[in-house]
Amino acid sequence: MRILRSFGLALCILAAGGVLSLVLPEYHLRLLNLSVVASIAVIGLNIAFGYVGLISLGHAAFVGLGAYIMAISTTRLGLSPWLAMPAAVAATAAFAVAIGLPLLRLKGHYLALATLGLNVSFVIVASNWLEMTGGTNGIAQIPSFSILHHAISDERSFLWLALVSLTLVVVVATLLHHSRYGRALISVRDDELAAEMTGIDTTRLKIMGFAFSAAYAAFAGCLFASHVRFISPEDFSYAHSINYLAMLIVGGEGTIVGAILGSVLLTFLPEWLRFLGNAYLALFGLLVFLVLVFLPTGIVGLRKFVRGPSRVDRSVQAAAEVRP
Amino acid sequence: MTILDARNISKRYGGLAALTDVDMTVSAGEFVAIIGPNGAGKSTLLNVFTGLVVPDSGAVLLAGNDVTRHATNRRIKAGLGRTFQHGRTFPRLTVLENVMVGAAICPTLGERALRESALQIIEQMGLADIADNAIRTLSYGHRRMVELARAVACNPKVLLLDEPAAGLNSAEVAQLVKRLAHLREKHQLAVVLIEHNMGMVMRLAERIVVLNFGSKIAEGAPAEIQANPAVLSAYLGEGYAHARV
Ligand SMILES: Nc1ncnc2c1ncn2[C@@H]1O[C@H](COP(=O)(O)OP(=O)(O)O)[C@@H](O)[C@H]1O
Ligand SMILES: [Mg+2]
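Those protein sequence lines, which keep their order, are chains A and B.
Just so we're aligned, residue 1 is where the first sequence starts under the working numbering, counting upward by one.
Just so we're aligned, residue 1001 is where the second sequence starts under the working numbering, counting upward by one.
Treat the hints with care, as some may be off.
To be verified - Facing chain B, according to a computed beta carbon distance under 7 Å, are these residues of chain A, among others:
| no. | residue |
| --- | --- |
| 1 | Ile186 |
| 2 | Ala194 |
| 3 | Glu196 |
| 4 | Arg274 |
Claimed, not checked - Coverage of chain B stretches by chain A, computed from C-beta distances (three or more under 8 Å per stretch; other residues unrestricted):
| no. | region |
| --- | --- |
| 5 | 1082-1091 |
| 6 | 1099-1108 |
Think of the hints as simulated: they come from the structure by calculation, not from any bench.
All C-beta atoms in this analysis are idealised placements derived from N, C-alpha and C, irrespective of residue type, glycine included.
If we strip away everything but chain A, and leave its shape as in the complex, we get (with noise of 0.2 Å):
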């Protein structure tokens, strides 16, 4: 039931996606693309975060590790886009099974610091390491993916690939979610001793969870760099790993609707409110504020205000009853 339901939200992002693609400006088509791209990297953090509890704050080294592995390997080796994503995808899984082995030790706080400071490593290796990643220079001229000779570069071509892949990722996380790793993802976060007890290697599923999590912020980097076509640190640096907790607190953690809706307010947003210049920033602490104060649930939990409480609600509720 729930599984068919959210077969009918990837259809429904389907749907929504073209008619956009047929009426907004180039402009708007752009940052469209950028919170699809966004979309995939917070149904990834959702399922170390909203899944296992695993507070990371270093998310967007993932997605660069995955980006600057496909712009390197396209640009350099010459390969295939279609050949350097998944490549890109499978060595930032490793690389996050490799780190999350004596990372994952740590737990809540510490966790939180030892990946910002695992973000701010990225950057400084991505800024100096010149003959690799061109240093601050960044990476131009990155290839776009392309279907039969016809090259998707342009806004609309883009949006529906960005649409077609969030669409996969939604279904897989999805199916992972109603699966007996999902459940074991969830029972982690809810009482780590209890999971032990059901005879989860608790250690074993908190690095899947992370790997899992890091293919996904690898898959949209690669989105992300063959869409902007250029690289360079700043775009991983650990602001963008706050602002991807951001937008699924926003949106609802726990939940991958709540994850799409955060990327794509929390991307338009500032657009919208480009005239406030700086105060921007103030404006946005305060919405997290409001969010976390009158919405524990992410606006999501708005659902509860249209009907009455469904299941799904109350199992949220749950969810932010035993929020740390």
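Could you slot chain B with the ligands onto chain A? The hints should help.
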């Protein structure tokens, strides 16, 4: 046949001896109760069995294998099951999903088979009506039943229960006694029960282990324990031998 065998278990917390040289065995299908005053070391002993606490000395053998240094999840896969003193469920999952997490210990079950086997246990535990409810909406008694169902779903050979009747009303306790008796019969599992409710202990236990200040002060059949002067003075109280349960 001995399934669980703990030898010379000692554990200190700073200056406090939580367990001193405790021996305990459980045979297949046997029902053993652990009693003793608060702070006697009962929960700590379960923690040593399940690997949440590594003892300072001593060994834990499960079906003849030394598991003293094994991670908790390995011991669960090898046949231990446990509930906690204060009840621990997964609040973001439904009752059915909670039990399915337990049933997933069997790696070959597909999603449908998992659901079936979880539903069967839910039925046995009298939770069928609330299978799709969120944990948040349940009474404390129901939550503890869900936790028990989840432990049973892990298909244990030995089920370790830490004060399962604490906080339940008398009707719920009566039901719990019935369910435990039924579970044993159906799944042939051994049970280790920590419990202060002596009525429940006397009705279910075949053997009783008494802990006091971290040491085992007595062990034997319920009738022997009821008449043991050391147990009477340490735990049951002088008047107990005359007051029939
Ligand atoms: N993690 C711990 N740190 C320090 N002391 C502990 C810890 N766990 C238990 N203790 C102490 O060990 C003793 C035995 O505790 P416990 O096994 O919980 O007793 P019981 O379950 O019999 O009431 C108590 O005095 C308790 O305070
Ligand atoms: Mg105790």
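Hint check results:
1. Ile186: 5 Å, holds
2. Ala194: Holds, because the Cβ-Cβ distance from A/Ala194 to chain B comes to roughly 4 Å (cut-off 7 Å).
3. Glu196: Constraint on A/Glu196 satisfied, holds at 5 Å.
4. Arg274: 38 Å, violated
5. 1082-1091: It holds, with 6 qualifying residues against the three required.
6. 1099-1108: holds (count 5)
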